[in-house]
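The primary structure of each chain is shown beneath.
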Amino acid sequence: MKTQKIGAWIAVLFGASYFIIPLIATFEFSLRMRRGEYSFDAYRSVFSDVQFRESFSYSIVMAILTIVFGILLVVPTAYWVRLRLPQMRPFVEFITLMPLVIPAIVIVFGYLRLYNSSSFIPFTGSARGTDLLLMFSFMTLSLPYMYRSVDTAMRTIDVATLTEAAQSLGASWPTIMFKCIFPNVMSGVLSGAFITFAIVIGEFTMPSLLNRPAFGPYLQLIGANRAYEPPALAIIAFAITWASMALLQLVSRFSKSAPSKP
Amino acid sequence: AAEPSAELIAAAKAEGTLTTIALPHDWCGYGGVIEGFKAKYGLTVNELNPDAGSGDEIEAIKANKDNKGDQAPDVIDVGLSFGPSAKAEKLIQPYKVETWDTIPDTAKDAEGYWYGDYYGVMSFEVNKDIVKESPKDWADLLKPEYANMVALAGDPRTANQAISGVFAAGLSAAGGDVAKAGEAGLTFFKELNAKGNFVPVIGKSAPLAQGTTPIILRWDYNALADRDTLAGNPPVDVVVPASGVVAGVYVQAISAYAPHPNAAKLWMEYLYSDEGQLGWLKGYCHPIRFNDLAKNGKIPQDLLDKLPPAASYEKAVFPTLEEQEAYKEVITKGWDTVVGANVQ
Amino acid sequence: MSFLELAGIQKSFGPVQVVHDFDMTIEKGEFVSFLGPSGCGKTTVLRMIAGFETPSGGTIKINGKNQESLKPNQRNIGMVFQAYALFPNMTVHDNVAFGLKIAGMNKAAVDARVKEMLGLIHLGHLADRFPYQMSGGQQQRVALARALAPKPQVLLLDEPLSALDAKIRVSLREEIRMIQQQLGITTVFVTHDQEEALSISDRIVVMNSGRADQIGTPFDIYNKPATRFVASFVGTLNLIEATVVDPASNRISIGDQAITLREPLGPVKAGDTVSLALRPEAGSIAESAKGDTALTGQVVSSNFLGSVIRTRMKVGDPVISFDMFNAPGLSPPAVGDVVTLRFTASDLLIIRE
Amino acid sequence: MSFLELAGIQKSFGPVQVVHDFDMTIEKGEFVSFLGPSGCGKTTVLRMIAGFETPSGGTIKINGKNQESLKPNQRNIGMVFQAYALFPNMTVHDNVAFGLKIAGMNKAAVDARVKEMLGLIHLGHLADRFPYQMSGGQQQRVALARALAPKPQVLLLDEPLSALDAKIRVSLREEIRMIQQQLGITTVFVTHDQEEALSISDRIVVMNSGRADQIGTPFDIYNKPATRFVASFVGTLNLIEATVVDPASNRISIGDQAITLREPLGPVKAGDTVSLALRPEAGSIAESAKGDTALTGQVVSSNFLGSVIRTRMKVGDPVISFDMFNAPGLSPPAVGDVVTLRFTASDLLIIRE
Amino acid sequence: MSAKQAIDLKKTAIDWLGILPFLLFAVMFLIAPTLYLVTGAFLNPAGEFTFDNISGLFTDKILASYWISIRVSLASSLGGAFIGFFLAWAVVLGGLPSWIRSSLLTFSGVASNFAGVPLAFAFLATLGRTGLVTLLLRDWFGINLYATGFNLLSFIGLTITYMYFQIPLMVLIITPALDGLKKEWREAAEILGATNTQYWLKVALPILFPSILGTTLLLFANSFGAIATAYSLTGSTFNIVPIQLYAQIRGDVLHNPNLGYALALGMIVITGISNLIYIWLRMRAERWQK
Ligand SMILES: Nc1ncnc2c1ncn2[C@@H]1O[C@H](COP(=O)(O)OP(=O)(O)OP(=O)(O)O)[C@@H](O)[C@H]1O
Ligand SMILES: Nc1ncnc2c1ncn2[C@@H]1O[C@H](COP(=O)(O)OP(=O)(O)OP(=O)(O)O)[C@@H](O)[C@H]1O
Ligand SMILES: NCCCCNCCCN
Ligand SMILES: [Mg+2]
Ligand SMILES: [Mg+2]
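Chains as they are written, first to last, in the numbering used here: chain D, 1 to 262; chain P, 1001 to 1344; chain Z, 2001 to 2353; chain F, 3001 to 3353; chain C, 4001 to 4290.
Wrong hints could be hidden among the right ones.
Mimicking SDA-like on lysine to any residue, the simulated pairs with C-alpha atoms at most 25 angstroms apart in a straight line are [to be verified]:
1) F:Lys3269 / F:Asp3337
2) Z:Lys2107 / D:Phe178
3) D:Lys5 / C:Lys4061
4) C:Lys4011 / D:Gln4
5) Z:Lys2167 / F:Arg3203
If you are wondering where the hints come from, they were derived from the structure by calculation, not from laboratory data.
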């Protein structure tokens, strides 16, 4: 018992230093913009850049939309596969793995050919349409993580019985989905949402080739041409992403719909 | 110089937008050039991925053949060798600007599909905080005092700038024999790597300042712009080497599928006007009409003063397309066995 | 016309037929239990009534209306599951209110009905708890209230008590029966616990491998089992092989002791073997074997079960168990004692098959 | 010296003390049950014996040896859990072999012992199955075999039957008892099912809020409950409030009917209330109330439970349940009938506290 | 066709209808766009059918890059899985305060996607030749890290850097599986005489094996396809497949997109094969599951 706890602390301390020291090194360098002394000049420079604010808020909005639509796609699918098509699970799992290995650039070139302004579905014909396409591309990129975390959460509830209980009480499919299943896989949905959030904030290829003003391309551009701002940006992005997740978790904890189980 | 026709201006204004790609604002003064164009003609400029490489630009045209949306570039600015190949693939369209005749014949496609826009020479960008004594020539880089310091500005298997760096080193080592420069460049880097002087990280502003890559082999205009941006923290030296001075030429062209062909033509007119050419020069790039402008006394003296000494440029070698093909072949094929192989 | 009619119900899963020709009618307000061993098809029949499974054949009518084309959520049936199946994300109140809100009842009416239901199950004070904050018995009562709240035509319960403790099982089954009678709701109750089925049902269906072996009142099922299966599944039973001594006078012998039965033996001849059934509680210990309906044997074991002491005695080869009520003064037969068990001749049933 | 000794055992979780001063000694080969309601500390005591919890006070000795410094894997104890806890990744054979292999037994010896164990639980033919391929009852038998295989000094069972079906529960408990006697292994069995405890134990510890209320044989526990708690927790019980009529002659009245008790009433005066306990199975229905140990009342309900019919009658205010064995010829009392229940005066226990 | 059959058919149809949105999404935004890649791998720049690109994969250089990629991916997925597993173990079963668990999990959400330029820079600034740790080791302890043979810009360095996102991914995905280990299994093993090690080797790890395997595969694919970090860190030297691929598609110099597509196809095939191996291993490991 005792040695186990010590081992656990060692593991956590090792992990913490492995994760935190590179962030500290990055942070330290970001403070060196003013010659000979530490200053927050780099941060001032970043925050005063309109493009930073615009691209970051654009990406946050996209992240939220991606999360919402990703959930709407993945939760019912994972639910249905568990309920009615268990034999399809390996297949669906394989599909959700694909985005990890197909280079984003290949996918996005495909989009440009399939959904260009003179195709049947001219997503790229307008800025809004392109935003939509971009959101779908983000959903694609986050699919491996979203599907897995939701599916794992679903394993812990008896999907079939809850469904039948709801049905016998007269519930229709949407009611079952939104009132009985969703709230009970919230933990999985949340962790999927976290990862999605981080993916969208950092993604470069998709928004760049679809020409939308997202944070990823901005980060890349600054990274190519500036010395002190990129690490500052990295720290800011890391902090904001983490804070958003903490917020999300807090919100879900205080919402009555998802009691934490003992 | 002659002004573009009123019809062209009207037609371009009717299109309203120009889509560019791969134009970093601190590359060759493009930030100012784009502003100047917007101010002069009132068009919107939609800038695609400023950080893209030449290959990206070509792929962007291909991918957007049927797309008239914001993703399709109207004009491209690519490494010299991409001009002829893009023409062969029918990705670009011909257009001759008003100042066509003042562009040297060696730097343009006879039919006007592409023409050179600017050039610079390969130089050393040096972080003076770390490097007390700047290297003066390629051979200096092999000295033990430069251990863990020398970096290329890209991957020599893919980036024109980096391959030019290897070529330049080789040219110096081969005593100016272009035919042997490719092999000699590889040998040079093999030695550089063996001595532990070579840092296989892509050199740019942050690692230069941080100290990972205190010496970067770059186009002089990039090095100079970066020096200005860093503004003394750290102080930066830009050195044009004593030997092996290699000039790199980029070319401009209009996409065959340009959604805004007239805006593209107007853009070309602007770039090749005196104003546009001087815009590039402000970014430390030698515009292709440099000699023409100089001859006519159109270059303000303060601009000339900021450039590296003209003497360095006199020795500059402009490899021909054929020469480029040859050394590219040697370097891209051989690089892995020279440097890549022992980084595993 | 009965309220719930199952006619010729069949169900196959792939090649395997798990329900065969199931017929039964249930009157309005009746409480019927399906009793049978695991895997005999109880749940399957219940789920067909609820609409979760489609019968491979036969018809199901409720109140004269064929249910075939109705989806589960259109049948107005209440259902209680073994594993409670409360919605973990909702409070007790919200669980019970769920079906009412779906039915479009207004908030005031919902609250009133939920209050009424929680009163019925004595959990009014726990309305704001979440399921995980309650014991199994409490959860199952909430599940019952939830099922009853929308006033379903029929209430189905699938082993609602089997996940619960012995003591709670007994008290909750009495509560269920009381509430059912109070509301007069037609109820089908699935169990494999015979005491449970016997104690709360109006009628019992004993199922065996997808067939209804017997349908009858608890009394009939227990006392007049139609098949050997029913006899052995319901209650504890001594199954005794006896030898026919004289078919004409219904005389048989068990381990050399002759007994005269009431019932005619049927077409058998002397020396044949017949199977007899005797409930352990049927006899009582007598000083001596007066008359012919008594068996004498040696006690093999004596087991104190609380209210009852179960003794096993050897009568020749056969071992016969019999029960007597415990009483503080009474000393149970000791192993090795020779005792005489007296009973009525009609207690011995002939099992024919 | 007893085989297993628990002396002054205490256990607190944080500020809450859940086991108080628990003393008990168990002889070698004895079968002792811990019986008590949920949360009373049964599992906690068992886990202290196993070494999974460290007592906050007191000592545990097995065979004279203090166990304090021994880890669970050094105690040579067998344990069976409520949820079977078979290793899902191992076959039946490998589960049973687990402890033997750990002990370093050679393969041939392991195989022989596993075979022997599987024979004991009648599952020799399922040796290659995985746990998920077996019913709960089968899994629990395997868990038993696994615990017994390494010949532990003591066998601990924590509600091993409570996840099982009624019928299987009964047959498995008999099997457990048989195997225990066959092997002569000292056994502690935790349950909250009183019939279970009564039927298989040599002695029972009735626990209440972390204390042992009574330790005794099943017969004593049932017939001489030491506390009101024991009386009501073990078996079904009528708890009747009676009024003292004459303390001197032990005369009391229940709903206006006077009865003379055997036991002295103690320091009470006429008009006082005393609590009496009467087991439902203690009395029997008589034609008329002869003598004073009889009560007459009106039948409120009559419930057929299979072997037993439980009738509730109202005697003034108190409602008294009584049981009679079912017999095919017998017609149970009908609601509204007036019946007389006769019993021995000593069946009425006075509950003092 | 009888009415019953019609009902069955309808039911089957409804079953499939349920995942139609997903299938539609997958086809539209994942499969169809990728088909261009598959066809592109069999075309030459002029758009004619050819096997040249495929046979072009079987050159020493490209085979070597697949080999390096596989090795880096294996190393970083195994390393990430190993360390991530320990971290998850520590927060799930190590008896640590619960805030550590929730902090680690949210942190992992962020860190699992910390990649590209910022990550590369962070490690250069930490373990590069002028990195924080390198300098501290030199100035405080007199240890010259690089004299020990360590180099961030190497196989080991890249692996360490990749593990920055691999470990958190492992933590995120394996935590629920660890939560699923029943306390009774440990206790049953213990009471049967097993030591902690024996419990882990014979019970816990075999039970967790399918989850660990599945997650490791995910990690493998995750690093197999990762480019930005490697490119930023060792752009000019490290010859992994995604870099080769990007060089062909995007490069200023090489530029043969069709060969790039063939490279990508090769990656999909390798992932497919690793997936098959995974499914096979899992089937073997899950014989004991329903
Ligand atoms: N969806 C299904 N697919 C295939 N077979 C099934 C399915 N559902 C049930 N069965 C089989 O049908 C038979 C009857 O099952 P059912 O669940 O109705 O039994 P039960 O009487 O309720 O048993 P228990 O008491 O164990 O709940 C069993 O053999 C079972 O294995
Ligand atoms: N690890 C623990 N931490 C805190 N309290 C505990 C712990 N384990 C048990 N308890 C408390 O100790 C008391 C006794 O628990 P125990 O599990 O021994 O009861 P039990 O008699 O076995 O009940 P059941 O019949 O429900 O299994 C309960 O109130 C329980 O909540
Ligand atoms: N259009 C300018 C030349 C293209 C090269 N861009 C290089 C960007 C650095 N990554
Ligand atoms: Mg069932
Ligand atoms: Mg317990």
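Each hint tested on the structure:
1. About 35 angstroms separates the Cα atoms of lysine 3269 (chain F) and aspartate 3337 (chain F), which puts this hinted pair outside 25 angstroms; it is violated.
2. Simply put, lysine 2107 (chain Z) and phenylalanine 178 (chain D) have alpha-carbon atoms about 20 angstroms apart, close enough for the 25 angstroms limit, and the pair holds.
3. Using a Cα cut-off of 25 angstroms, the hinted pair lysine 5 (chain D) and lysine 4061 (chain C) is violated, with the two alpha carbons roughly 49 angstroms apart.
4. Taking the CA atoms of lysine 4011 (chain C) and glutamine 4 (chain D), the gap is near 52 angstroms; set against the 25 angstroms cutoff, the hint is violated.
5. For the proposed pair lysine 2167 (chain Z) and arginine 3203 (chain F), the alpha carbon gap of about 21 angstroms is at most 25 angstroms, so the pair holds.
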